[in-house]
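> Listed here are the chains, written in short residue letters.
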Amino acid sequence: MAQIFHRSMNSLARITVFGLPLLFAGSVLGGTIIYRSGYITGEREVVDQPVPFSHKHHVGELGIDCRYCHTSVETSGFAGIPPTKTCMNCHQQMWAGSEMLGVVRESYKLNQSIPWERVHNLPRYAYFNHSIHIAKGVGCKSCHGEVDKMSLTYQDNSLLMEWCLKCHRDPEAHLRPKEEVFSMKWKPEDMTNPETGNPYTQRELGKVLKAKYGVRDPLTLTSCSICHR
Amino acid sequence: MAVTTDVATPAEPAGTEQWVGLEELADTPAFQEMLHREFPEDATAWADPVSRRQFIALAGASVALAGAGCWSPRPASPEKIYPYVRQPEQMTLGLPLFFATGFTVGGVCSGVLAKSREGRPIKLEGNPSHPSSAGAIDAITQASLLNLYDPDRSRLNLKTGIPTGFDNALAEIRTALLKLRGQPGKEIRLLTDTIGSPALGGLILEEFQKAFPTAKWVQYEPAHRDNAREGGRLVYGEHVNTSYDFTKALRVLSLDADFLTCMPGSVRYSRDFNQNRNTHLKEGDKVPTAAQLNRLYVVESMLTPTGAVADHRLPMRSADVEAFARAVARGLGVAAAGDTPAPAGAAEWIAPIVKDLQAFRGRSVVVAGDHQPPAVHALAHAMNAALGNIGTTVFNFSPAEVRPGNQTTEFKELVKDMNAGSVAVLIMIGVNPVFTSPADINFEAALDRVALKIHMGSHVDETATLCDYHLNEAHYLETWGDGRGHDGTASLCQPLIAPLFNGHSPLELIAGIIPDRPTEAPTNPREIVKAFWRKNWPANGGSTNNFDAQWQRALQEGVIPNSARPRFEKQPDPAGIPAYTAPAAGLEVNFRVDPTVYDGRYANNGWLQELPKPITKLTWDNAIIVSPNTANAKGLNVKTQSTGGGEHGRQVADVAELTVGDKKVRAAVWIQPGHADDSITFHFGYGRQKCGRVGQNTGFNSYAVRSSDAPWNKVGVQLTGTGDTYILASTQAHFRMEGRRPVRRGTRDEYEQNLAKHKEDPSVALFAKAPSVAAPEWQEIDETVPGSPNEWKGEKPKEHKHSHDKPGEEKKEDHGHHDDRLIPLSIVPATNKEGRRWAMAIDLTACHGCNACVTACMAENNIPVVGKKEVTRGREMHWIRVDRYYEGKDPNDAANLITHFQPVPCQQCEKAPCEVVCPVAATVHSFDGLNDMVYNRCVGTRYCSNNCPYKVRRFNFLTFADFKTDTYKLMRNPEVTVRERGVMEKCTYCVQRIRAAEIEAERQGRPIRDGEVVTSCQAACPAGAIVFGDLGDPKSRVNVWKQQPTNYGLLAELNTMPRTTYLAAVRNPNPDMPKSKGA
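Just so you know, the protein sequences line up as chains A and B, in that order. By this note's numbering, the letter at position 65 of the first sequence is numbered 65, and the numbering carries on one by one without gaps. By this note's numbering, the letter at position 208 of the second sequence is numbered 208, and the numbering carries on one by one without gaps.
Calculated directly from the structure, the hints in this document are not laboratory data. Among these hints, one or two may not hold up.
Unchecked claim - Pairwise CB distance ranges (calculated): (1) A:Ser151 with B:Thr519: 29 to 37 Å; (2) B:Gly161 with A:Glu45: 47 to 55 Å; (3) B:Gly982 with A:Gln202: 56 to 64 Å; (4) A:Leu23 with B:Leu95: 23 to 31 Å.
What the hints assert, rightly or not - Where chain A lies over chain B, by a calculated footprint (3+ residues, C-beta under 8 Å): (5) 88-99; (6) 216-224; (7) 973-981; (8) 998-1011.
We put the CB at the ideal spot given by N, CA and C, even for glycine.
Sequences and hints are given; from them, build the entire structure.
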């Protein structure tokens, strides 16, 4: 009986048998990498704003507290975007004629909102509440990154559900004393562990603070309706 | 070991199973087949070729749209933030604010707290400080929120159909009015509905009338209270309003009065009435005595919510109620009642009722329905006086309305003048007489003879289109106003939002057309109201004399202190009771206000249209309602129809022609068990021609056969079949319980008797239960119910007791054929018994099926309206439904029919059957025992719904939520996801409220207080029938309720361990009555 397939088909068959699963695995891997990449999540991507507001200048250099503008961060789910009035408190006197602030002055004069682009867009179905995170000792920096170094604001983390859950499953890794929540400079090593006399590690301090602030257990914090309603 | 018996269920008469509709009782094979189809809801769309084609077209279009919308692969779509330029002071973005205001219907204002998020009113709650609300809210008030966002609302002021400015229109009208001065025979008329607003009334009486001395102000609305008014005048010689204190009333006789749902103050009455109906054990372990509990006797034609919860209900023609009232009055010693014999079949009711009422002198109430003739109201006043109730449970006071009067007479005079051509200008505010005027008055023709016709209203309706000017009226949440509650307490109404469509207040209209007003007189509604109250503030209305401080305080509270109308203790003079004229025999028709769309003014409100009416469970239509006997006699029928798909909501009703005098109307027939024979009930408000896209052409116009002489009741009408049929959408056949006796009920006496036995041996049941399994098994079932007194908390099954286990003998290893399935065999892991365990208890004794919970749930949880067609397919989306069950051997025996209501939200089972079948874990348990529903995980397999024994899950078969209409976007609760097509949804115990309270408490580092989380249905419930709380807190109210022996879990025999439980309906019938209902 004559051979149906040429000998070279053997290698082709081998390539197919071993190659296809590799290709599949590769595309799955590639897909997950792309899905988690900044291209999809918008991580570290500067968003164009109507006014090139610099947190670096206002927070890092001038040392204005977060709460001067984000007034409702301790009481409400929404941290609050300052009304134009807040900008004008200072800019009526300083840089009053600056070209860059034309949009702000216009807004104040015409009583029309400044159309800011939202930097942190949460997926639908997810309900995030700032106030409870602040109350339990999660620092601004934990999610928003080093805002005091951002000339233009960007999203510092992926905001994927797995990123949220990382902390909800293990809050110790991110807790800090309540009075340091708004600090951009705080480090656990700056504090001394009274038990050992050595500087705190984040994990040691996290454990102490978790008990102190009554941060709930991972089973509770990962219940669906904690974030989805 | 205690000896137990096999007889767990008290002996029950055969044939008294609970049923929801006549077809279920008849139990035909076709019906059975329909019932047992597994997923009947979605078949027609595919069976019907047109809709299948449409479906494919739609599917194609949505794929295209999905492609267009998904240009970004990002999980979240980019948004913009528009902050305030100058942020209002009290507002914290992300947190709600509540403002006290008031909703007025029929001249009666009830206080509400409107919830505002970022300046948008999104929910209404009752105002606890307001006497007409007491913190609760009824369905119509709740749904008035949707009216604000109605996209069909009038958006422009029109002059002969052409847009014009409001100020221009006012200037033109003012000039026109000025020209008429001093011209006899060219009169000005003002037509409004009942005005309860003191400020508007003051403006009309003090300024408008002075400026135009010959002008006349006429009030007319179809749901007028002329009869009550005339009845009061007969015995008091002057106008009185009457209010009742049901907290003190222990025996109540209702003469055709639906005082729990359809009367001024009914929300408050319902709350008060249930205070004395509470069968919770007293002093630790005693069942309240028959004298401690109240007892309600109802005589009525149509089965109403009040009649349904009555201890004794006697159906009779509405026209015969007067004879009944006279017989009772005679028994109570009211000589002027005459010697009229009681109507046939009612004679033996009189003596026991009289005896019972007399035993509770000063602690009883006789209340007459608004539609009963004046004589009945006069008799009720006389009876209350004879019983010493006036001043203790019944209060008379000067009318709360600005100008009480006989509206029918006034309206007839107005039309006479219009026809005579003497009316030159007619100004109509908030009325739609072209639609609502009685059939014997041709208002349209009369209107044609008026030179200048001005209409102010929220919609361009039937009347507006015939007028020269249509002025756009602002919604009550958009403008200032005031009003008086059912007891005359005044409240201020403040706006929450600037008028969405530039509407204006009637105050602005009246103030704007008065010529030569002094320049300092206020024209803005806030200033008008403030100026009025500055002058008329009650002398002792507040702790300070500073008006501005008092005003601010009253705005905050929603109530002006000490502003109730003065009461008078004057006794009625029975001499005023007119002589009796017997009604003719034969068929009567009763016109009634619709429980959802009222007199038609809410016809364009989708929430109300789709709300199943309390008794009939009809949606989107009204019908000619008759008893089964009457329907039989006339050869009329209503069938539940299935087109092969087995839809549940499709009722094919015969169309009948109703002839009243020379007027005729054709309408669908509805057969209502419990309705009096020879009687028809026909609700107002349907058959609107111009009201917007929702209410257009729904139902049948009953005004077409209503005459001004017999506005409520007419004897001697004809009803004939036409051979046509009409499809009605009724939810009564949906989600049925297949004869499992879902409502446990009993009498107080039965409860007391069985409780003693139950204490000795817990396996003795208190009330009849189903299925009737052996007693020990029931004991075990009851013990699986979370929060119940004997709740099973261990891991191993309890030792079983069996009738064949002899006392003292060793337990045998082999039990033979014994069903051991209850506790040990469960694949569902045990739920966390530590920490917070949210749970709900619903008292079936209190629930009277008013539907306030359903609308409150719709508003809170962004529940969409699906439309009549989808309701006929069983696809309505209500997360909580109120099941209505009948019990009785013979549906034709209306007097012995028992009715029960059972609100069914998700039962939040601890062992939830839905969870184990979900392939994507879209429904899972939370740490605090909620059966969470995760919309973003749901792929729409519907397995969960299939496996839910309570049928409380709802599936978005189509895109039911309206994502397109801008105004609806403003209305939605931002804390709750708006669900899309293909997603399952259900009640979550208002998880958004739980989490908000939790965050608040956690932030303050304290536990959640009992009562801090109130679900939307609980907050709304006028009867206070719902309690919600934490089972982990032994002192919580919900725990106290669940410790009651009456507590039971619905279908608990399935071992679902429901967190929502029910307290059995306990009634307090009079043993002396001939037919003890519930006995």
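> If a hint holds in the structure, say so; if it does not, say that too.
Here is how each hint holds up against the structure:
A hinted range of 29 to 37 Å is violated for the C-beta pair Ser151 (chain A) and Thr519 (chain B), which are about 58 Å apart. At roughly 54 Å, the beta carbons of Gly161 (chain B) and Glu45 (chain A) sit within the given window of 47 to 55 Å. The hint said 56 to 64 Å for the Cβ distance between Gly982 (chain B) and Gln202 (chain A), and at roughly 44 Å that hint is violated. Distance hint check: the CB atoms of Leu23 (chain A) and Leu95 (chain B) are about 53 Å apart, inconsistent with the given range 23 to 31 Å.
Note: the stretch 88-99 of chain B has 4 residues with beta-carbon separation from chain A under 8 Å; the three-residue rule is met and the coverage holds. With 0 residues having a Cβ less than 8 Å from any Cβ of chain A, the stretch 216-224 of chain B misses the three-residue criterion, and the hint is violated. Residues of the stretch 973-981 of chain B with a Cβ under 8 Å from some Cβ of chain A number 3, which satisfies the need for three, so the listed coverage holds. Three residues within the 8 Å Cβ limit are the bar, and the stretch 998-1011 of chain B against chain A gives 4, so the coverage statement holds.
This entry does not satisfy hints 1, 3, 4, 6, going by the numbered hints stated previously.
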